[in-house]
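Chains S and G supply the protein sequences, listed in that same order. According to this note's numbering, the first sequence is numbered sequentially starting from 1. According to this note's numbering, the second sequence is numbered sequentially starting from 1.
It is possible that some hints are incorrect.
Below, computed lysine-lysine pairings styled on DSSO-like, alpha-carbon distance capped at 27 Å [as the list claims (entries may be wrong)]:
#1 G:Lys167 / G:Lys87
#2 G:Lys45 / G:Lys106
#3 G:Lys106 / G:Lys381
#4 G:Lys221 / G:Lys342
#5 S:Lys146 / G:Lys221
#6 S:Lys81 / G:Lys155
In short, the hints are calculated from the structure, not lab data. Just so we're clear, the structure is a prediction, and the values are computed from it rather than from any experiment.
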Amino acid sequence: MENIGTLTELCRALNIDYSDMNEEMLCFIRQTIAGDQRLPSDRTEFGSLPVEQFSHLEIPVSEFPEADVFQIHRARCSRTKAFCNGDPRNDCIWVQAGGEESYGDLRGRVVARLLALFKIRNVLSGAGDVHRLPLVRILDPVGTGKFHRGSGHIRVSKRPNGRDMRIVSIGAVIRQAHVITSGERQWIMNHRIDLWMFNEIY
Amino acid sequence: MVDCADGKTRLCFPILSAWIADHAEHAALHGIGSKSCPKSEVPSKELGGNPRKIYEARDYTLYWEKAREQESEEAGIAEYFQQVGVKIGRNVFTVLYRVNPADLHKLDLLHNIYLGLFKHMMEWVEGFLKKHKRQQAFDSAWEEIPPYPGFSVPKRAYRKVTQWHGKEMRNLGRCTAAVLVSTLRNPDSSQHQDFNIALKCVGALVDFSLMTQYRSHTPDKLAYMERYLQTFHQTKDIFLEFRTSKSTRVEVNSQDRELRRLIANQIAQEAHHISAAQRRRPADQNRLQRVNRRADLIQRENHFNFIKMHYLSHFVSHVPRFGSILMYSTKMGELAHKAQIKVGYRRSNKNNAARQILSYYGRKHALGMRLQTIEALSKAKNALVMGNGGMDAPASSRSASW
Chain S
1 MENIGTLTEL CRALNIDYSD MNEEMLCFIR QTIAGDQRLP SDRTEFGSLP VEQFSHLEIP
61 VSEFPEADVF QIHRARCSRT KAFCNGDPRN DCIWVQAGGE ESYGDLRGRV VARLLALFKI
121 RNVLSGAGDV HRLPLVRILD PVGTGKFHRG SGHIRVSKRP NGRDMRIVSI GAVIRQAHVI
181 TSGERQWIMN HRIDLWMFNE IY
Chain G
1 MVDCADGKTR LCFPILSAWI ADHAEHAALH GIGSKSCPKS EVPSKELGGN PRKIYEARDY
61 TLYWEKAREQ ESEEAGIAEY FQQVGVKIGR NVFTVLYRVN PADLHKLDLL HNIYLGLFKH
121 MMEWVEGFLK KHKRQQAFDS AWEEIPPYPG FSVPKRAYRK VTQWHGKEMR NLGRCTAAVL
181 VSTLRNPDSS QHQDFNIALK CVGALVDFSL MTQYRSHTPD KLAYMERYLQ TFHQTKDIFL
241 EFRTSKSTRV EVNSQDRELR RLIANQIAQE AHHISAAQRR RPADQNRLQR VNRRADLIQR
301 ENHFNFIKMH YLSHFVSHVP RFGSILMYST KMGELAHKAQ IKVGYRRSNK NNAARQILSY
361 YGRKHALGMR LQTIEALSKA KNALVMGNGG MDAPASSRSA SW
């Protein structure tokens, strides 16, 4: 991964608007608990913090049915660069975005595609805390997240308009997701890919 | 005499409780026909029928008694054996102490589901896609399956794969339903219902197979399994037209030829009396009649009566009696073929290979055991040395500090 200095440079590398990134950062900072480790909420302050990109996220996930046995899911994000001499690889992940009652059968979880993985160092704080953050594009469940009666699957799609980018806490990333392309802007969420997923979403 | 875990040696009488093998081996061992179930007396014409229907359990002791009666030339026993699908009255398990041969058969995920039903299912799906001209779309979707931990991504289009292994079939089960949904999108009004039924059928079988992989089952899970199985049986007829066997195809073709010959003769006799335009209309009608008759015959002859379809009905009742289905899979045994047989054969001079395979594996196994023993002993020795060092350590540290 190329060395990125600040958020402005990250936005340039990702080809996204800096004001959008600012909004997302502010939104994320407001959601975090106030304290010493919280990033500064002033735009100029967090805009000047050093930023570094990374290419994969290791997510410890419990192995079904044991809750205390873990395996590692490595979610890759190569952005526009080739992955292993092939196509670019930007994996989909599950993000806990709400309570059990939201998003229908998904029970508060949403599928999101990784846009970037970066860490931001809060040099302004005494401890110099490092925050590892995934920038994702949220894929909205079609039909409020209920299983389609005909096909027995849940579809997810890109938002036709409005903000779909989001910076999420690394703790909200549950595991990697498996989606199958279905047309230009839609994907089928494959809940049968492993036993954990099958047991959770049915 | 058996060495027990508590260090004592006991006189034990092991009881055979399971025989993990494929159906063909079970059929030979139980002395039953290849289309018979080792557990129940299900007629071969009802193998693909209602899974809730209860058939009488096999009583191999009764068969033995009947076989002994047959020796004293009792009439009608051969007919009875044929009716219940038994070939030999006394099988190898009959005289074993406290063994019920019907319980020795255990359900096998590898041969029954992955290499059995999934393989059949994909043949039906292929036929279905061909009928609806969606094969290309399926191949494209298949090639675009994204990676996932523990899932090997297919490298080639589905139709280009010539041989499937058990693991690949298991992987196929994990993604085939989603790929099929993607393939069968945007149906026209005539296809809509058929597509939905096909998706429901494939989804139910995949769900059932996933639930059989659980290590433990609650009553709710068993109820789900039963429901999935019921849904599969209710919807499987959508694929019936793709279940044409070779013999049915030959019979249908011969009947079609015969009918065509009869019609041709009839037309030849009437040709002198009617004009060409008058001849054309009956020809169209005859063609339609032939097509319909062919379809009727295929529909009538096709069936799902094969043993692996029937085995599905035993899965739910198996769990409360014998525990998880996963632990009886032949997967481990098949995997051992590589180390125990294939490697040995490759190392042999291919001349009288069986003896060389056995001696190679025996030697390798013994060496492995020896290495493990040395490793364990060296660890124990190190621990002992470290223990002594620990005793000396305070003295040396004292001397250093001085």
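Just pull the numbers of the violated hints for me, sorted ascending.
-> 1, 3, 4
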